[in-house]
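Enquirer: Each chain is listed here by its residues.
2 protein chains.
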Amino acid sequence: MSGPNGSLPLPAFLTKPFTSSATSRKAFSIEDVNPHVKEAQYAVRGELAVKSEKYRVDLANGESLPFDKVIAANIGNPQQLDQKPITFFRQVASLLENPELLDHPDVLTSSLGYKQDVVDRAKRLLADVKSVGAYSQSHGAPGIRQSVADFIERRDGYPSDKDSIYLSNGASGGVNTLMHIICADEKSGVMVPIPQYPLYTATLALLNARAVPYYLDESKTWGTDVADIKRALEQARKEGTDVRAIVIINPGNPTGASLPAEDVKAVLGFAADEGLVVMADEVYQTNIFEGEFVSFKKCLRELQKEHEGGKYDDVQLVSLHSISKGMVGECGHRGGFFELVGFKEEVKAQIYKFISIQLCPPVIGQCITEMMVNPPKPGEPSYDLYKQEYDGIKDGLRTRADALYNAFKAMEGVDCQPPQGSMYLFPTINLPEKAVKKAEEESRKPDEFYCLRLLDATGVCLVAGAGFGQKQGTLHFRTTFLAPGTEWVDRIVKFHKSFMDEFR
Amino acid sequence: MSGPNGSLPLPAFLTKPFTSSATSRKAFSIEDVNPHVKEAQYAVRGELAVKSEKYRVDLANGESLPFDKVIAANIGNPQQLDQKPITFFRQVASLLENPELLDHPDVLTSSLGYKQDVVDRAKRLLADVKSVGAYSQSHGAPGIRQSVADFIERRDGYPSDKDSIYLSNGASGGVNTLMHIICADEKSGVMVPIPQYPLYTATLALLNARAVPYYLDESKTWGTDVADIKRALEQARKEGTDVRAIVIINPGNPTGASLPAEDVKAVLGFAADEGLVVMADEVYQTNIFEGEFVSFKKCLRELQKEHEGGKYDDVQLVSLHSISKGMVGECGHRGGFFELVGFKEEVKAQIYKFISIQLCPPVIGQCITEMMVNPPKPGEPSYDLYKQEYDGIKDGLRTRADALYNAFKAMEGVDCQPPQGSMYLFPTINLPEKAVKKAEEESRKPDEFYCLRLLDATGVCLVAGAGFGQKQGTLHFRTTFLAPGTEWVDRIVKFHKSFMDEFR
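Listed in order, the protein sequences are those of chains V and P. Residue numbers for the first sequence follow UniProt numbering, beginning at 1 and rising by one. Residue numbers for the second sequence follow UniProt numbering, beginning at 1 and rising by one.
Hints are computed from structural coordinates only; laboratory data are not their basis. There could be a bad hint or two in this list.
If several chains are the same, the list does not tell them apart, and a pair holds so long as it fits within one copy or across any two.
To be verified - Straight-line alpha carbon distances no greater than 30 Å define the calculated BS3-like cross-link-like pairs of lysine-lysine that follow: (1) K471 to K311; (2) K409 to K445; (3) K394 to K230; (4) K238 to K311; (5) K123 to K298; (6) K305 to K187; (7) K38 to K377; (8) K51 to K187.
Because the structure is a prediction, the values reported are computed rather than measured.
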């Protein structure tokens, strides 16, 4: 017998099996998989998304389907849906990737479009990170964290410290970090709004911790009701849950709600009384259509000022932001950050250690984070184009949000709250009894059945309300309003009519 | 009393505390932190690294220290240590960030240095990802996964399927994913080499699973000894550990070892007999100084061919690679991938769901992964420069590895295995009894004491052997050989002499 290279005889251990240990295992199979991974659910990229991806490939391969284009309204992925990146960000990023251009005499004088502030920004960022190919500090390059702190200070009118800023791998990376720190065992609980972005319940499932649901009030444009939250907390405590934190998503995902300062302060008051960490997911802070965004940090500082030495002094707040949403829409670059308020140094040391195990967030994403919080200013060479692009994207979102809202309002059995913020609408759908029965026959939840039918008929991919959680007996779907044009909205309207007719 | 804007009276819930629930909590503190996070240790970015960072800042602020430069030999961060990125990769990346340049008539004709293959590659990658600012599929863009599969096929001479390739956030992201899937509960165990890269034990600690150590044989240039591994397995099983997988790091981190095919096959035979998943960390596969790199995948396919229908058919292997190491050194871009061999579809579905919760790896990192596995070919316009840069980096590493090795060989009480691969040397240090006592007095491990003294005296930052694990009674340190020049090696030699003199 000859070895792999046809030359040497194989050593004995390769041909004779070892005496296998008494408890030697069979091949790793689904029964062995971590049960907490199996429990985790994440519908945003679930069956519907996978099917829509298949349709996209089928169409590209020339197959004939009832539609000529797949509309991914399931996921907040602006640039997949033709949203153009902001020129300033990308010009700077291109110089960061290829710093040799910075020394090239033609860069500013040629017609490539690079302006002085683009070159200056690239140089400043490179001085901070040295190379976008090098690891940074695990919580991000110090100059970038300083820039984030400056932004928060300008936004809120209260100081922010760069050593409380942690750059992250999108906001999702931040949520993952914080949940790992906060949840200690299977009794640990975190209050999560229902409906919610499923990252929260999925992460809690992975950690074998408890999601403590509290319901948002659809009749009040999906606002928070502290009395309800308190009831949910007490119920959980009765059941032995050690409730440690409360998550608020503002503006809301999937709800599109935007909380007034009064509601934000009510939650902070509740958290102060109950000793809960507040996790404020504020990734949609620039996606606001009604009123102004008010940050949890600002509200907390105001309350602390008004009640000096009072219950607000000990509130612990973490607020998260991201480059993936807003008018930036750079999800593929995986940038984001969180700010810690009121956390003790020993806890921060544990957070640092945790993130250091995964080394650091992507450095080019860190740089785009810096540009998001510190964009061109009036008078600077890139300002006009930046402003024009930014406003154009914002207006487009507003227009499509209104088009969708108006379409939903006119649809039989559909109730929709007016768009206030974020990138989503989350209408209630009242489906005929026959449709609910049909769904049951197919072992599907009724809203999943509806969304699947919609996808098959129109190529429009939504996410069923079941994927976010909803009050028993209600049905919803979530749609982004990112897809260009409004023709796809008509497709939904037409489908809905024929669906209702079929099952009436 | 007036409200935040000095206008409205505050609602009652802001001034009166709620009746606090019976079990309301105190502020979240270190006692509350997830105990598994607290247990996790990750010395590569630990106390020494933090102190060296402080020295760097002190020097920048003009403070006087016994050295004029900090040498970060603790971490494999090539571009922080002046390794230049490969031009082709960065030129393409700059076009991906700023695709408007692609349509610019001057890009190829001007003196900016962009060649036709750079433009072509950028166009091809953009066709696959659409925009580097868009989310990709959670396991990576399909064209990039195909390119990785093609690379593996060329490397090993055996087919590879793009649907078994998962792009990741560096190799660390892949390890995190796989450990989450493989470890089911507190009895689950994974065999880990000692010494090891501490990502493995840290991740197992976070998951509250068990690291089952097996020792590498320093006397055989840190090779694997299957009889020893088997003893460690049996011991663990006796203790009730459900051992599920074995990690091999080849080329070795921190050891610098490079395993011959025979050793790789011995491990595969052992895993086949014992039903263990094999996790092959092959991120240093191009950092090879002795012989050739042989992948676990290739060895497995050879064994399967030679023993058709035999025990190798069911072996489950995952092999990991990264853009952070090798001659690429793009750690800041957080790119990598793993390939699954022999895994069942239901298990792969769980892996997909798990990674989808964190959405997708950074897309520009995915693109650099594609370029790493599919660099310019002979005859293409960018080939000559690519080759020159690649070889230059490789030669530089070799030169510095030899300089370090020769220095260590000449140092009193130091034993070092010859450099075979990776970016590290891991010499044994025999410290005088007095030094060990002094360390004890300072409540430090002796090798940590040594490394701290070295840092204070010379600015050279190493990682103590204790951070990787080592046989009882032995002491080591790990150094990269990335820092340019060899002057810092002399600093170590001088320090060592005076340290030995002090404690003799």
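Enquirer: Compare the structure with each hint and give your call.
Expert: Okay, the hints, checked on the actual structure:
| no. | hint | result |
| --- | --- | --- |
| 1 | K471 to K311 | neither (33 Å within a copy, 52 Å between copies) |
| 2 | K409 to K445 | within (23 Å within a copy, 70 Å between copies) |
| 3 | K394 to K230 | neither (36 Å within a copy, 62 Å between copies) |
| 4 | K238 to K311 | within (24 Å within a copy, 53 Å between copies) |
| 5 | K123 to K298 | neither (32 Å within a copy, 45 Å between copies) |
| 6 | K305 to K187 | neither (35 Å within a copy, 50 Å between copies) |
| 7 | K38 to K377 | neither (48 Å within a copy, 44 Å between copies) |
| 8 | K51 to K187 | neither (37 Å within a copy, 37 Å between copies) |
In this structure, the hints that do not hold are numbers 1, 3, 5, 6, 7 and 8, in rising order.
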